[in-house]
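Engineer: Sequence:
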Amino acid sequence: MQLRVAWNINGLNRVLNNYVTVRHNVNGFTIRITKINNATNATSTIISTASSKSDPLHHHGSAINCSGDLVSYSNALTVHIAGVPVSVINITIIPINNNTVLMNWYYEKNDEVHCIQYYNITIISDDNINGHMISNESSATIPSLIIGTNYSFIIIPIDTIAREGPPSSLIQYIWNVPAQVVNISWDQISTDSITIWWNINEDATLHYPPVHYIVSVHNITINTTDTNVTINGLYPNNEYTVYIKPVNAIGEGQLISVSVTESSSDAITSNSNNRSTLASISQTIIDNTLINNPTNATSTIISTASSKSDPLHHHGSAINCSGDLVSYSNTLTVHISGKIHHEP
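The sequence shown begins at 1 in the UniProt record's numbering and counts up one residue at a time.
Derived by calculation from the structure, the hints in this document are not laboratory data.
Each residue gets a CB set at the ideal place from its N, CA and C atoms; glycine is no exception.
Please note: incorrect hints may appear among the correct ones.
To be verified - Listed next, with one range per pair, are the computed distances between beta-carbon atoms:
1. 210 to 182: 15 to 21 Å
2. 117 to 241: 57 to 63 Å
3. 227 to 89: 26 to 32 Å
Please model the complete structure; the sequences and the hints are all you need to start from.
Structural biologist: Encoded structure:
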């Protein structure tokens, strides 16, 4: 099927009913034709748009042909009748500063995205609807966010004939500074290096602003987006305090510190070199330093233990040490004195 509309040619210009916009009803379509004069060019530009709220489906794929002389017609438009709008997908939230985010998304049917007139965005804070936004694009900037508030966003596409698509899944976003890190562990990997790692204290079902971490020890500062880092350049037989601070676009989270000891050599035989985790002492790490004494037949072992999560029932337990994995001697009784030190 072809739908045709025509206008007259008058010299270099196209004449449209006394130089005004004309409207024709063609088989259910409303055709609007607007003339734009261009005095410096031999031709003028004609803009035409077609719309219909109730065009029958059999027009799908029809061609709208235009002519300036009612004889020659050129194919200017193919009719595409889209179905009911679908939902948006691949939603991302990018913090811009401490009170503004940029949201991006995709319309699920890319070949019909031109049929979407706008997107309706519902903003919910702490379970209360506090606003709506309209976006003509597949993105929106949302300002005036309040630190410490839990936000949710819902996006609904609206097409050119005002049909609503299904709402997006509820996007819950925690707008706050990052929580402090938890479950810090570390391992000596050489006489001057340690690897330290930690966990994030976040609900995996929610969305948070991206976090990076500032790790500092002695005169060394490292920025990372990972939850582990290797620290080089430490001196053997020294105790260091490592500070870990989470940071996002909103601000800084709570600083936490942990003490580590860099050993010069292996003191206790184990499968993890200078560091072993005893099954009977859950999460308790033994750090070993060997001090050789060439004038004596024996050497002295200095051992320190630290833990963030050792169960209280281990208080009073005995740690036995061995140099040959056969003979063990009682060398240390566990004393659980308190929690790890935090700094504001």
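Engineer: Does the Cβ-Cβ separation between residue 210 and residue 182 fall within 15 to 21 Å?
Structural biologist: holds, 19 Å
Engineer: Starting from the hint 26 to 32 Å, judge whether the C-beta atoms of residue 227 and residue 89 obey it.
Structural biologist: holds, 28 Å
Engineer: State, for the Cβ atoms of residue 117 and residue 241, whether the hinted interval 57 to 63 Å holds or is violated.
Structural biologist: Given range 57 to 63 Å: holds, Cβ gap about 59 Å.
The structure fails none of the hints (numbered hints given earlier).
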